[in-house]
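Participant: Construct the entire structure; sequences and hints are all you get.
Chains A, B and C, in that order, give the protein sequences. Going by this note's numbering, the first residue of the first sequence is number 65, and it counts up by one from there. Going by this note's numbering, the first residue of the second sequence is number 89, and it counts up by one from there. Going by this note's numbering, the first residue of the third sequence is number 8, and it counts up by one from there.
Because the hints were derived from the structure by calculation, they are not lab data. Small disclaimer: the values here were computed from a predicted structure and weren't measured. Just so you know, not all the hints are guaranteed correct.
As the list claims (entries may be wrong) - With a cut-off of at most 20 angstroms between alpha-carbon atoms, the simulated EDC-like pairs for lysine to aspartate or glutamate come out as follows:
1. Lys209(A) <-> Glu190(C)
2. Lys295(A) <-> Asp290(C)
3. Lys256(C) <-> Asp427(B)
Read off the chains here:
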Amino acid sequence: MKILVPVKRVIDYNVKPRVKMDGTGVDLTNVKMSMNPFDEIAVEEAIRLKERGAASEIVAVSVGPQKAQDTLRTALAMGADRAILIQTEDEVEPLAVAKLLKAVMDEEQPGIILLGKQAIDDDCNQTGQMLAALSGRPQGTFASKVEVKGDKVEVTREVDGGLETVSLTLPAIVTTDLRLNEPRYASLPNIMKAKTKPMASKTPADYGVDISPRLTTLKVEEPAKRQAGVKLGSVDELVARLKDLGVAK
Amino acid sequence: MTNSRYEILFEPVRIGPVTAKNRFYQVPHCNGMGHRAPSGMAGMRRMKAEGGWGVICTEVCEIHPSADISPHSEARLWDDRDIPALARAADGIHEFGALAGVELGHHGFRAQNRTTREIPIGPSAHAVASYDPVQSRAMDKGDIRNLRRWHKAAALRAKRAGFDLIYVYAAHGLVTPMQFLSRKYNQRTDEYGGSLENRARLLRELIEDTKEAVGDTCAVPVRICIDELIGPDGICASEEGKDVIEMLSGHADLWDVTVGDWSDDSLPSRFGPEAAYEELVAHVKTVTGKPVVGVGRFTSPDTMVAQVRRGVLDLVGAARPSIADPFLPNKIRDDRLDDIRECIGCNICAASDNTYTPIRCTQNPTMGEEWRRGWHPEIMPQRESEDRILIVGAGPAGLECAVTLGKRGYQVALADAGDELGGRVARESRLPGLSEWGRVREYRMSQLHQLPDVSVFLASMMTAEDILEAEFDRIVLATGSSWRRDGVARWHRNPMDRLQAERVFTPDDVMDGLAIEGPIVVFDDDHYYMGGAIAEKLRDQGLDVTLATPAPLASAWTVNTLEQARIQARLLRKGVKILTSRALTGFTDGVATLACAFTGEEIRADFNAAVLATSRAANDQLYRELIADEARLKAANIKSVTAIGDSLAPGTIAQAVFGGHRYAREFEKPMSDDVPFNREISELGPWP
Amino acid sequence: MSVLVLIEHEAGVPKDASLSTVTAAGKLGEVHALVAGSGSEVKQAADAAAKIAGVAKVLLADDAAYEHMLAENVAPLVVGLAGGYDALLFNATSIGKNVAPRVAAMLDVMQISDVLSVESADTFTRPIYAGNAVATVRSSDAKKVMTVRGTAFAKAAATGGSASVEAAAGKGDAGLSSFVGAEVSKSERPELTSAKVVVSGGRALGSSEDFHRVIDPLADKLGAAVGASRAAVDAGYAPNDYQVGQTGKIVAPEVYVAVGISGAIQHLAGMKDSKTIVAINKDEDAPIFQVADLGLVGDLFQIVPDLTAKL
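Facilitator: Have a look at this one:
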């Protein structure tokens, strides 16, 4: 079975995002970029499935600028076999990404498509679900466990209030949550070796997908500062409030 | 755009006739440069002014040859010829709008006068505190008049040199007015001894003299010990400490309050937290309306604000935090809190003065190098080429090297075989009491996150082949060192032959978490912190531990970091048996032989295991492999292969950080026989 | 404009998050509620939804295919009804986040996730970069699909409405997925970075023994993970991996209880995104109270055991 793993180049999660004073967005000049952490988890899960014999080939794909090659190389260093860069300097919305991935799916015919549940820059949490809709396939979102069982995949999902397990017929789309695994590091020797793995370069036009955005960002601002709350008078009051919050019985 | 929370720290404060532009006050501190390296000292003070401190003081300034504390090199105002050196410091401080303070001091009976050969003087006749075979004589009225005249002359010279604050120093047990104040040293029966008022008389007179001489334009701060920390026999903050301030409040322009001796005032992080003495210091503002400054290894802006808001201090005093980060005030002002280099409380700075060498700092490798090497802590010279550099090993040397190269604009790859950055710092900061040392790693990691051209690779063990194929122009090996298993250090220069390998361990094994059963003998021939810390860690696990060392003290070198007494006390209280002046000469079949360091006579004792904290071997195999084949390096287009830090020669963390920093600044420079730093040569005197 | 809201329900009662989404929907136009599920409970839920103030009509889709709200089944249901609506709103909950994007893609529109405010019929604000920034976006799609952050909108009153309940025809089971099982949250202490509740102790606890003696029982009662301030870790009262802060772990639980923690900036950096911050400290000027939603000034050695006992 082939596994397709889309990955995105985003601001490094250690970097504190700074909102530009002119309201046009977050300042990304000279800022460290890395693979979206949820995507690292997806790559790791794909590799583990391959190590367990459930998959034979892992193909990493990214929609992004030329530098997204570094992100793909990281995926290759972790253990993916092949990479595809769909190059564009424009910001691409989840709907357009999903359409591009559908086209790649049609070409590659993977059994599982493993994505991070959301990107830490736009926090949309849509791409995987949209891809599932466009391809008419089932979706297992916020996965904390993935088990291939014959022609189905069982996905345990993190939901409000606990866990839920669903069984999906393959091919299926799975999006990863934090607790699914702890990704291995892409070591420098492996990064060097990854230079010999195939990396194809395409454009959205090659797939016939219109990537023009539907949303326009009018402005980007800092969030409202957290206000000081109330000082309570007694432990009993605190107990009552904790009950209201649903953390106490 | 200061976070409004910290605005209070940037309020001006009136001190007598002068006004400090903010509450950041660098209290007097030694620096090992002093009168022997005046431009070095001036350059260091100037850098702090650039960093935003409102008040910057010199170290203690000797006012007269009758109290010479050589070989310590402090500031000096013996006569007019000493003025230009101090004026240089004052000018540098003024350049950025800070006030300049000078701490005039006379060391009384604590001055051994090794250079001047004068007889030390003090309130009563006492042996000097060191073991020099020297005793002081009790001052008579003539001596007191002399001291007052010398102090006044020095104050006038200090004013000519341009200082805004001219201290009267009465703290740490080190100086005459404090020696008079203390019942421990003052056994006089005249009007300068006995009651608190009498014991404070000399101090009052000196303050009045100084105010009279320079008080019109200069502020006169008083540095005073408010608690000797020796219990009811000494000055206590809630009693005499408070009373003397109340008594003299009308005289001083500012109270610079301290506690105990130097080892208390500069409390190492191993023995106390930030703001350790708040409870004692809090008494002071209840009895005086004058501004109060004090220290507490303050690195957190929130703690600083709290001290002011709670009415404990008016000015936030700092010595060590200003050493670790001369730009602390500016970084708070600019809301760059992530960029603050926090003091780790290791006291390697104090050790510099105690070893009579220019100050150095584990966190700040440019400390002491401002003038002599032209190093700026915040500004790195732009890169000179497009060289791509691979650094193997992310311990303190590798981290500092990567950060500095990154700040210069170079493309860097930092590779480490492990799962975390930090190397020895990550490991050692897990030893008892050394948790704050982890900040060496944390600060550099925060910097790396802001350097997109520095890529970090974990789980990346690099072989020589990997390095040759990696396509970098320069290779830096920062692969650290490992504790030796053969006992070699200062006592044994050749491997011990009577060691049974299976029962012999090293600090690396202990830090790796290897389970070792007691009773254990820790043989310490390293003499810095490791032997003691290992003994403490094993003892905390409930094991029977003996610390044996050929030195007469446990962790002997830590007298320099002001920790030794506390270390030995802590180990003894925890039940570690300490055998000093004993060398481990063998350990087989559960029996250790320990030889007397003087007679060689051996005693035998039963142990289950021995931990050897002796010396380390550089992890230089990779380096040697690479440089062995020059042709191969040339074929790979590698311009240089350099070892730094412990992998060059094991030393302190401070030395490793310095080595990493130095490589990053200097690697493009060709090899030269020139002295690699500026120095000042003494002026030849008159000759017949 | 007309708006369709997917109502989540449990045991026949609409969930609070849905009441907030109804409020958001009300800003866009006439609100209809879609209640999907199976059995007597879904009928109860539909009747309850009809009583929500501001709901004009309730559509009830009763089919075993919707029992577990599988997105493959629910999305086609919504899409089938979408023709009559200008906007389709979902809660920003695990159900809403699972279903909404599938609906959006089927309608070939972009989704606006985690809406914080409705500025106009086509303009909304939403958080980006983990809430470090807020973006104002305008949608050019004719039909809007969005998930709504419940805490950003007041809950509509649960009574006062009198809408009609209509049956809605769905497409049944798509045959792509099936529900296997569910598990309520485990009772053992959760992991710090993913816990819903965190109780952290500061240096004021004074010793390793007291740290555990005071903090652990409170954490147990709340099913919380245990954290610590850097000062507490430096002093050896708590292990390294408990450290919350800039150089420790970054957490964003529903509730963060800071016990004896002053609230230094480097600690705040590690927990400022917690939904509700509770602070217990004897210093009323401690910076933690600047960010705490609920504060209690006093001796933690009195307050915490008392609190633990009363929970």
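Participant: Checking each numbered hint in turn, tell me which of them this model violates, lowest number first.
Facilitator: none
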